[in-house]
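Novice: Work out the full structure: start from the sequences and follow the hints.
Here's the letter readout for the chains.
2 protein chains.
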Amino acid sequence: MTETALNKTIANIGENDPVLDTEFAVEMVRQMCALDPYGTSDSWSAARILNPFVLAKEQKREIPVVGNPDDFVLSRVKVFYNAIAALIEKECGLMAVPTINLTYEGFGRALITVGKLVVMDRTLRDVHRFGFPTLSKMKDEADKILSVALEIVGEYPKAAGM
Amino acid sequence: MTETALNKTIANIGENDPVLDTEFAVEMVRQMCALDPYGTSDSWSAARILNPFVLAKEQKREIPVVGNPDDFVLSRVKVFYNAIAALIEKECGLMAVPTINLTYEGFGRALITVGKLVVMDRTLRDVHRFGFPTLSKMKDEADKILSVALEIVGEYPKAAGM
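Chains as they are written, first to last, in our numbering: chain A, 1 to 162; chain B, 163 to 324.
Calculated directly from the structure, the hints in this document are not laboratory data. Owing to the predicted nature of the structure, the values given are computational and were not obtained by experimental measurement. Each residue gets a CB set at the ideal place from its N, CA and C atoms; glycine is no exception. Just so you know, nobody snuck in bad clues.
Here are some chain B residues pointing at chain A (derived, C-beta under 7 Å):
(1) T261
(2) K278
(3) L279
Specialist: Right under this line is the structure:
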């Protein structure tokens with residue numbers, strides 16, 4: 001199934017999902033729009049813009065994990081970690097820099113640094129199938145990363161540049 | 163000029179350069195050999211293996227900086243920072259992880275992390291022309307990065323995982 005087909009045919013997020021109003025989802029939409037130079041998605045609802053981030057198990061299974069992941073899924077991975085970095089920045093007032101380092105076949109590493117501090121360090125696997133079972137699970141994951149990151153900054157404030 | 167032509171025609175490193183005996187150069191040769199699965203360079207001298215890292219100004223100028231840098235130069239960038247990370251690891255006994263993150267057209271970022279600590283953070287520009295004026299300048303650069311990194315680890319030993 002092509003990217004667009006996947007995007008159009010299955011709605012995984014309800015138009016009135018309350019999670020869409022959270023700061024995280026708003027930031028995700030902002031990041032997605034930043035990647036859309038022609039404004040294709042200007043008229044889209046937040047639910048439609050974030051739809052490709054939510055993948056049911058069966059949808060994931062349909063995506064082959066051979067070769068390198070395509071640019072669409074890579075940009076989604078970046079958007080997810082960019083949004084988290086933006087929230088970290090908002091919370092602690094220090095610049096948070098996300099770095100996505102992909103090797104081959106969908107393996108890699110995602111880092112977020114604040115000053116001299118690594119506040120998040122994740123191994124990425126099967127990036128082709130990047131997605132979350134539900135929108136609220138995605139937010140939970142982001143919240144978890146955010147709280148751990150802020151904890152680390154609190155532990156080593158000097159290394160973070162405070 | 164192609165990679166091989168550049169490699170073969172101009173010897174930028176003397177066969178008896180004393181820098182070749184330093185720990186750094188030995189590590190660089192080891193890292194280069196690790197990238198050579200067919201053992202093409204098994205019979206090569208250290209000077210020949212490290213030759214592509216040294217580029218005179220005129221040689222640099224000949225390399226165009228359009229498009230993405232090729233895999234040869236990328237692997238050299240990785241080898242350089244891998245070797246430094248290996249030396250950091252040897253000095254402080256903690257794992258040092260290099261991450262090279264290239265965007266487009268030869269721009270990017272090189273990071274080395276030790277535990278939760280960023281011990282090196284560099285912006286990469288014009289990666290196509292990655293090289294040093296002399297072998298000893300390359301070693302100076304590595305030494306500088308190494309000493310700053312060890313200083314940072316000394317400053318925040320707990321964040322580094324000591």
